[in-house]
Amino acid sequence: MSTWQPSARELERRQVRRSLRRRSVLIATAVTVAVFAAVAVGLTSSPGWATVRSTFFDAGVARETFPAILDGLWINIKLFLICEVFILVLGLAVALARTARSPWLTPVRVLAVLYVDLFRGVPTVLLVLLLGFGVPALELQGLTNDRYVWAGVALVLSYGAYVAEVFRSGIESIHPSQLNSASALGLSRAQSMRFVVVPQAVRRVAPPLLNDFISLQKDTALVSIVGVFDAVFAARDSTGYLFNYTPYVVVAAMFIAMTIPLARVTDWLGRRALARERAGAL
Amino acid sequence: MTGLLEVSGLRKSYGDRVVLDDIALTVAPHDVVCLIGASGSGKSTLLRCLNLLEEIDDGVIRFEGREISDPLVDPREVRKQIGMVFQAYNLFPHLSVLDNCTLAPRRVHGISQSAAEAQARELLTRFGLGEHIDQHPDRLSGGQQQRAALVRALCTRPQVLLLDEITAALDPELVGEVLEIVRAEAAAGMTMVLATHEMAFAREVATKVCFLDQGRILEQGPPAEIFSDPREERTRQFLRRVL
Numbered sequence: 014m015s016t017w018q019p020s021a022r023e024l025e026r027r028q029v030r031r032s033l034r035r036r037s038v039l040i041a042t043a044v045t046v047a048v049f050a051a052v053a054v055g056l057t058s059s060p061g062w063a064t065v066r067s068t069f070f071d072a073g074v075a076r077e078t079f080p081a082i083l084d085g086l087w088i089n090i091k092l093f094l095i096c097e098v099f100i101l102v103l104g105l106a107v108a109l110a111r112t113a114r115s116p117w118l119t120p121v122r123v124l125a126v127l128y129v130d131l132f133r134g135v136p137t138v139l140l141v142l143l144l145g146f147g148v149p150a151l152e153l154q155g156l157t158n159d160r161y162v163w164a165g166v167a168l169v170l171s172y173g174a175y176v177a178e179v180f181r182s183g184i185e186s187i188h189p190s191q192l193n194s195a196s197a198l199g200l201s202r203a204q205s206m207r208f209v210v211v212p213q214a215v216r217r218v219a220p221p222l223l224n225d226f227i228s229l230q231k232d233t234a235l236v237s238i239v240g241v242f243d244a245v246f247a248a249r250d251s252t253g254y255l256f257n258y259t260p261y262v263v264v265a266a267m268f269i270a271m272t273i274p275l276a277r278v279t280d281w282l283g284r285r286a287l288a289r290e291r292a293g294a295l
Numbered sequence: 333m334t335g336l337l338e339v340s341g342l343r344k345s346y347g348d349r350v351v352l353d354d355i356a357l358t359v360a361p362h363d364v365v366c367l368i369g370a371s372g373s374g375k376s377t378l379l380r381c382l383n384l385l386e387e388i389d390d391g392v393i394r395f396e397g398r399e400i401s402d403p404l405v406d407p408r409e410v411r412k413q414i415g416m417v418f419q420a421y422n423l424f425p426h427l428s429v430l431d432n433c434t435l436a437p438r439r440v441h442g443i444s445q446s447a448a449e450a451q452a453r454e455l456l457t458r459f460g461l462g463e464h465i466d467q468h469p470d471r472l473s474g475g476q477q478q479r480a481a482l483v484r485a486l487c488t489r490p491q492v493l494l495l496d497e498i499t500a501a502l503d504p505e506l507v508g509e510v511l512e513i514v515r516a517e518a519a520a521g522m523t524m525v526l527a528t529h530e531m532a533f534a535r536e537v538a539t540k541v542c543f544l545d546q547g548r549i550l551e552q553g554p555p556a557e558i559f560s561d562p563r564e565e566r567t568r569q570f571l572r573r574v575l
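These protein sequences, in sequence, are chains A and B.
If you read the first sequence in our numbering, its first letter stands for residue 14, the second for the next number, and so on.
If you read the second sequence in our numbering, its first letter stands for residue 333, the second for the next number, and so on.
Residues from chain B shown here face chain A by an in silico Cβ test under 10 Å; the list is partial:
(1) Gly-341
(2) Ser-345
(3) Val-350
(4) Asp-353
(5) Glu-387
(6) Ile-388
(7) Asp-389
(8) Asp-390
(9) Gly-391
(10) Glu-399
(11) Ser-401
(12) Pro-403
Just so you know, these hints were derived from the structure itself, not from any lab.
For every residue, glycine included, the Cβ atom is placed at its ideal position computed from N, Cα and C.
Using the sequences and the hints given, assemble the complete structure.
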């Protein structure tokens, strides 16, 4: 097949395609630069810009408060990593309970529905307040009174309900023919779920799951309202005695730096899933 | 330059795999060109190239005398005039049969809703789908779905109809009802290029048959000649296996 040489027409066409590509790259660059320049000019030329710059973007304050805020951020990161594990387990368990068919499991199914309805309906910030202040006030024996722990439990309960619904939608999106063919091979319903349905469902819902985790990363900031010394609390502390809001910008930048890698992973997974689906389709 | 569609020197490859090699084909108005050949011989890819769904690696495709393989040609302008039907129907499951058929006429061709619906109803009724007009495609049998897909393609009043093995996914007893529409359109003078495994049908309706083998048109001519007295040994082998 190496005898083939592109014809003159084809070479000409490649030339045209190249220049079309060059043109679209040029347009993309020009438009992007223009839009960002316009935003920058619009911001810096606003009448209050000088005041805003000194109260929100003070480099000295940023440098000064950075270590304390970074210390606080470790609390957010730890909280996020620990909660994530519990949320995944709880979410999948609740989703499986909701899709269970056995009559013996009816109470479990009812509980799962109640749990999702209740905890998806209560604003997360209220859950954190109620558990963070309420449970320690009960003075229960054998349970910790650490507000950090209870704030974490509130996050797990709230996100567990969301994630359960994500898992459930994934499980229900798997075509019934998959369950049928698993049954035809003699697998029990539990085995069918474990080996056939759930693996496919998890793959399918990975992008929305990651989306929820990006949201969770941000919501770890809610623990500051029950007095846990996290990044946001540290920033608020600093703004209090420096009379300068730069620490808020610092903490916002840290959260962005934390979520962007996860967001890119989400995009990449989504694209990969799409490419795989498209590959077989005509 | 008498053809509606003219292909010369067409080449298409995926990486190192050459799928179409030096294809030359002329489709005159009112022609019914049948592409036959084993699976993987390049029939579907050729149809997809004609509709500009694939970027070709060499050669020229002309439609009504204009080179449409030119990168400066807007593929949508070309596809507006070429209809295509796929093996897997590809009806839109979220739309009723009627909405499937009026989507392109209304959104692409700017025909009014009432005119588009009147036309779609007329065609659907003519092809025996009158009672399924407002149903969703998944409620229909395979044969009915493929007929609806044919009507959807016809509703845009194409100059050429490309049919990609439209009966390959159907039960044998449903093939007939789909081919009936194709037969009617052929009799009405519609220009068509179809990839098919239905040899008897190809023999009956084709004005020209092309035998593809490993990405090349090995032999082409009137059906009587190709089916009764093929020149090439490969064609003879293929026909022995399928007839």
